[in-house]
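Please work from the sequences and hints to get the whole structure.
Number of protein chains: 2
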Amino acid sequence: MKKKYLLSPGPTPVPEAALLTMAYPMMHHRTPQFSAIFAEVKEDLKYLFQTKNDVLILASSGTGAMESAVVNIFSPGDHALVVNGGKFGERWGKICESYGLKTIWLNVEWGRAVKSEAIEDALNKDREIKGVFIQGNETSTAVSHPVREIAEIVRQRDNTLLIVDGITAVGVYDIPMDKWGIDVLITGSQKALMLPPGLSFISLNDKAWKFNETARLPRFYFDLKKERKNLKDNTTAYTPAASLIIGLREVLKIIKSEGLEKIFKKNERMARATRNAMTSLGLRLLAPEAPAECATGVYTPEGVDGGKLLKSLRDEFGVTLAGGQDQLKGKILRIAHMGYIDTFDIITAVASIEMALRKFGYKVELGRGVAAAQEVLLEGY
Amino acid sequence: MKKKYLLSPGPTPVPEAALLTMAYPMMHHRTPQFSAIFAEVKEDLKYLFQTKNDVLILASSGTGAMESAVVNIFSPGDHALVVNGGKFGERWGKICESYGLKTIWLNVEWGRAVKSEAIEDALNKDREIKGVFIQGNETSTAVSHPVREIAEIVRQRDNTLLIVDGITAVGVYDIPMDKWGIDVLITGSQKALMLPPGLSFISLNDKAWKFNETARLPRFYFDLKKERKNLKDNTTAYTPAASLIIGLREVLKIIKSEGLEKIFKKNERMARATRNAMTSLGLRLLAPEAPAECATGVYTPEGVDGGKLLKSLRDEFGVTLAGGQDQLKGKILRIAHMGYIDTFDIITAVASIEMALRKFGYKVELGRGVAAAQEVLLEGY
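Just so you know, the sequences run in chain order A and B. Under this note's numbering, the final residue of the first sequence carries the number 384; numbering is consecutive throughout. Under this note's numbering, the final residue of the second sequence carries the number 384; numbering is consecutive throughout.
These are computed hints drawn from the structure, not numbers from a lab. Remember, predicted model here, so these are calculated numbers, not experimental data.
One copy or two, it doesn't matter: identical chains are merged, so the pair holds either way.
Distance condition first, Cα-Cα at most 20 angstroms in a straight line; then the derived DMTMM-like pairs of lysine to aspartate or glutamate:
| hint | residue 1 | residue 2 |
| --- | --- | --- |
| 1 | Lys334 | Glu305 |
| 2 | Lys5 | Glu264 |
| 3 | Lys366 | Glu378 |
| 4 | Lys259 | Glu19 |
| 5 | Lys6 | Glu19 |
| 6 | Lys6 | Glu261 |
| 7 | Lys5 | Glu382 |
| 8 | Lys7 | Glu19 |
| 9 | Lys232 | Asp47 |
| 10 | Lys228 | Glu216 |
Written out as structure tokens, the structure is:
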């Protein structure tokens, strides 16, 4: 009977209306009925990406869309600049290396954002760099990279593309693809889109499609040109994850009726409230300088085992947060504030952390973090 | 996208597992499959009621079971003693009067419990009283009546029955039918049973069934003797609310695996936490002397319109509490703590009340009530 509260930075909670539509009896995907749904989501995805470009839908997790960006745009030996400031930046590099790109690693301390000047320097040092790979938000460290500034640098260069993993950025904060000049933008279903995992999305602008014409890396399942052709006919090249796409229609309707601007404001407020709460409890933020709006990372205090704290929160208090990965394992908590997470979920996260810390012997004034969060959250009412 | 949090004293939230079982394709109720389910819930209801007697299942709201208690046990002109300390006590009296019972009203100030001595006095004054009608918890005022003491008085009299509306008592706190000698006990589906409204339950002991033999009030749909006969065959006299009964099997499984004792402790803790929170905010409890464990009633502060506060909580903050009825309308808030309501729902209720009060200009220290609740709730971890 213990109630569960989900506040992990993916998967995020799925709205009841979307859960219900996905429980509808299975619809065949080669029917006019399904094509009509597809036509709808195709348009609404452009709203979400803030683009006039096609947004392609893949039946894969976000990593599949990341791989598709590499294999559809580049050729063996191409130079790729990879910003590695966390688990997902590292993944960009691993994909590039797997496909024989010459990968230039721009390492950033975990918990910090890359400086746009460092990108410029790297591009100046190696004129052959054809792709800059980055995250909008590096989810593993809850850091936000300066995509807008980087886009300004990259768009000056005809021979270089900016490829952004926006898996925890698109729909989380204002990251307008066309306005900023992002060449390739990716997202996944289980973050701001509030769906189960299983769908990924990728959009290329004209500049990126140009690269596609000469790209020589092997590809089959993730053939974006083929997908673009199918998209025109309101279908996909291979069997689409139909129930997820039916759920997608529902969440996109919810997002459109709420409006991106309002959602961005809410996420910013919840992020600020969470940071306020954590610092008021004397906890140290993982990314104080460039905090992301998808999740807040916070160090567990000295003497408290982060892994055990997380386990107690999940199994005893029923509150699922995320921990750290690799070098941050056991050292941090991550609290999500995107998608179908609202004011009192943040209150729940903060109150549960206070209570669990007290249980672990850390001196904490109960209610203090909650009050700090409430002060900020009240701005929304 | 505003998230909804339900903390009303009925309906209470339905656990996900029960929601899912109730979404199964419709099953016909005159089948061995359904009878097997019925046989299961029949036994588990005895566990819930803490009785060896049959627990009958009616397709009606709780009021239907209340009416069935009157019409199956009494005859026109019978004397009935009704404890009227709120909306539901009053309902007992109205039912009795509708059926021509001579109704003796024992009025109690709203917010207070009846004294068992007052029952004894009334029974001594009128030796013809055949039924004492009371609530386990008077939900409208969040008061707990001393059922155990009253049962001790009534069981001494061969010609008098104790009929308890346990709609917000059964499964909420320890109210053992057989051990205390309650003659008739009733509950509904949408409280501690965590189901949608639509089912009610009634159990009679041997003494009450004796009364049934000579009861002359008219009845058809609510014919308990007929239901008892059907129960033996694992069915109901009329069409059962089949999907609710399928849900019932699920929640009874949940309740049994959790154990009544643990549930009672949890509810007591949540009730105490809520009272602690409210008084720490300077709010006045509606029933400080005999508070119920189903819900806490609290007066809204001077100068704050209770109706508007409730509406703001519901429509702006997304938190559904209950208000007052009749003379208490606009003056109180009621916060539920039974069924599928857990620690962080209580935190949500308290935090939202703090925030809404602040918005309404009431001087409130944010987080203070939450901290007072956390102190108590931590006992459970």
